[in-house]
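**Q** What follows is the residue order along each chain.
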Amino acid sequence: MTHKTIKVLYFAALREALGTPGETVELPDGCTTLANVRSLIAGRGGDWDKLAQMKNLRAAINQRMADPGATVADGDEVAFFPPVTGG
Amino acid sequence: MTHKTIKVLYFAALREALGTPGETVELPDGCTTLANVRSLIAGRGGDWDKLAQMKNLRAAINQRMADPGATVADGDEVAFFPPVTGG
Amino acid sequence: MSVSVREADFDIGAEIDALLAGRTDVGAVATFTGLVRDMNDGSGVHAMTLEHYPGMTEAALEDIVVEAKSRWDILAVRVIHRVGLLQPADRIVLVIVAGSHRGEAFAACEFIMDYLKTRAPFWKREDTPDGSRWVDARDTDDSAARRWD
Amino acid sequence: MSVSVREADFDIGAEIDALLAGRTDVGAVATFTGLVRDMNDGSGVHAMTLEHYPGMTEAALEDIVVEAKSRWDILAVRVIHRVGLLQPADRIVLVIVAGSHRGEAFAACEFIMDYLKTRAPFWKREDTPDGSRWVDARDTDDSAARRWD
Chain E
128 MTHKTIKVLY
138 FAALREALGT
148 PGETVELPDG
158 CTTLANVRSL
168 IAGRGGDWDK
178 LAQMKNLRAA
188 INQRMADPGA
198 TVADGDEVAF
208 FPPVTGG
Chain B
128 MTHKTIKVLY
138 FAALREALGT
148 PGETVELPDG
158 CTTLANVRSL
168 IAGRGGDWDK
178 LAQMKNLRAA
188 INQRMADPGA
198 TVADGDEVAF
208 FPPVTGG
Chain S
1115 MSVSVREADF
1125 DIGAEIDALL
1135 AGRTDVGAVA
1145 TFTGLVRDMN
1155 DGSGVHAMTL
1165 EHYPGMTEAA
1175 LEDIVVEAKS
1185 RWDILAVRVI
1195 HRVGLLQPAD
1205 RIVLVIVAGS
1215 HRGEAFAACE
1225 FIMDYLKTRA
1235 PFWKREDTPD
1245 GSRWVDARDT
1255 DDSAARRWD
Chain A
1115 MSVSVREADF
1125 DIGAEIDALL
1135 AGRTDVGAVA
1145 TFTGLVRDMN
1155 DGSGVHAMTL
1165 EHYPGMTEAA
1175 LEDIVVEAKS
1185 RWDILAVRVI
1195 HRVGLLQPAD
1205 RIVLVIVAGS
1215 HRGEAFAACE
1225 FIMDYLKTRA
1235 PFWKREDTPD
1245 GSRWVDARDT
1255 DDSAARRWD
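Protein chains in written order, with the numbering used here: chain E, 128 to 214; chain B, 128 to 214; chain S, 1115 to 1263; chain A, 1115 to 1263.
There may be inaccurate statements among the hints.
Some chain E residues judged to face chain A by a derived CB distance under 8 Å, without partners named [stated by the list, open to error]:
| id | residue |
| --- | --- |
| 1 | A139 |
| 2 | C158 |
| 3 | W175 |
| 4 | A187 |
| 5 | Q190 |
| 6 | M192 |
| 7 | A206 |
| 8 | P210 |
| 9 | V211 |
| 10 | T212 |
| 11 | G213 |
| 12 | G214 |
In the EDC-like style, the derived pairs of lysine to aspartate or glutamate whose C-alpha atoms are separated by at most 16 Å in a straight line are [unchecked claim]:
| id | chain 1 | residue 1 | chain 2 | residue 2 |
| --- | --- | --- | --- | --- |
| 13 | E | K182 | A | D1253 |
| 14 | B | K182 | S | D1250 |
| 15 | E | K131 | E | D201 |
| 16 | B | K182 | S | D1253 |
| 17 | E | K182 | A | D1250 |
To be clear about the criterion: a stretch of chain S counts as covered by chain B if any three or more of its residues have a C-beta under 8 Å from a C-beta of chain B, and this derived list gives those stretches [claimed, not checked]:
| id | region |
| --- | --- |
| 18 | 1155 to 1169 |
| 19 | 1179 to 1190 |
| 20 | 1193 to 1207 |
| 21 | 1222 to 1235 |
Derived by calculation from the structure, the hints in this document are not laboratory data. Since the structure is predicted, the reported quantities are computational estimates derived from the model, not experimental observations. Note that beta-carbon positions come from the ideal geometry of N, C-alpha and C, so glycine has one too.
Could you build all of it, start to finish, from the sequences and the hints given here?
**A** Encoded structure:
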């Protein structure tokens, strides 16, 4: 079977901590939820661990807010970011 | 003793019903409250009785909302009017 | 002068700018504008005349602003109420409240409108196809004002 | 288009006029404007940069407007949120709600601001005498948004 490929975006303090606004990520078998994706990326170690450490992390799939258990599909746009502070 | 003289104003539907925007009224002894003044004027009969008949009548003394039991003093400006409908 | 009662129309943007001029401590501005609707209580409204009690209207509005400032931590208030002959879509009343934060600004603005509706001596007479009629006070306005007691 | 995310400033009076153009059924207009304050959390603020998630911001604001229209009987809504570099006293956000009556207009306007504060992907970074810092989300914003659940 072919692996799923997703786009991952980072914003605000998280973008600064990770040093990049985003990347393309290939998901191994079994990496099916937002929580799985977060662990996968944080597991690279170094600065990437900040993704695991950030409190109150928020996430979106295809530009809609999503919970950690939400399913990630091939071609999805996933975003991780701190709590929002607009208005 | 001298009698008290007050200015009395009428507004909106009450002004139309009474046919006048206001008048000067001399108060007999014992006519000391807003309720007394209302009864005094309504007691003239004819159209003046509308002052007694109007439901939810509101009143002010010297341009401040006042209750029926409020005391009226010589030289006061008293006003009677329907519930307000601004805004 | 935070309160005006007058025949002339107002410019909402210009009034906000004047209230905020030179300030950098305002984080929140809530406004309310009341307009003449072409329908009320099931009848078409061609025009409206606003009668008032000169002198008492200004005093009543100033009392309401003082009360709002005592209840909420707000920085500046402006109230304008028009009188005289108005047409549908004409502006009737403007309330602007500036504060540090939005909660206080919203609450004070709504409070001022609720109290104005039940305590400021204005009366509306509408011209409809069936003739001229005085607008009845609404029970909902009384209950809205009582929320703040 | 009821929702805009952009760098350019807005003219509150012109936006209200555009929203009401040709209408005679609007009796109540509630607005909220958020501004950059020169102080926050005890520090002076020289400037602020608003970052956002392009595409999602518009979608999130449109969802909030749809939700407001489903909850209250309102006639028209306009939301503008600025991004980029802003100075103290600059306008950040504008919400306009037009309705037949004031209760719905006030409630929907406050609802939109409360939801925007917790659901629309904007982030503020402030420049202070101690350097640049990301603004922390406020617990009071979360509790304000939960009032509507």
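**Q** So, for every hint listed, does it hold in this structure?
**A** Hints, one by one, checked against the model:
1. A139: holds (4 Å)
2. C158: Result: violated, 23 Å to nearest chain A Cβ.
3. W175: Since the shortest Cβ distance to chain A is 19 Å, the answer is violated.
4. A187: holds (6 Å)
5. Q190: Holds: closest Cβ of chain A sits about 4 Å from Q190(E), inside 8 Å.
6. M192: holds (7 Å)
7. A206: Cβ of A206(E) sits 6 Å from chain A, so the hint holds.
8. P210: holds (3 Å)
9. V211: With a minimum Cβ separation of about 5 Å from chain A (threshold 8 Å), the hint on V211(E) holds.
10. T212: OK, holds: T212(E) within 8 Å of chain A, min 5 Å.
11. G213: holds (3 Å)
12. G214: holds (4 Å)
13. K182(E) - D1253(A): The given pair, whose Cα atoms are some 14 Å apart, holds under the 16 Å limit.
14. K182(B) - D1250(S): holds (11 Å)
15. K131(E) - D201(E): OK: K131(E) and D201(E) at ~5 Å, within 16 Å.
16. K182(B) - D1253(S): Holds: K182(B) and D1253(S) sit about 14 Å apart, inside 16 Å.
17. K182(E) - D1250(A): Holds, at roughly 11 Å.
18. 1155 to 1169: With 5 residues in contact (Cβ-Cβ under 8 Å with chain B), the coverage given for the region 1155 to 1169 of chain S holds.
19. 1179 to 1190: Violated: only 0 residues of the region 1179 to 1190 of chain S have a Cβ under 8 Å from chain B.
20. 1193 to 1207: This one holds; 3 residues, not fewer than the three required, reach chain B with a Cβ under 8 Å.
21. 1222 to 1235: Holds: 7 residues of the region 1222 to 1235 of chain S have a Cβ under 8 Å from chain B.
The structure does not agree with the numbered hints 2, 3 and 19 stated previously, though it agrees with the rest.
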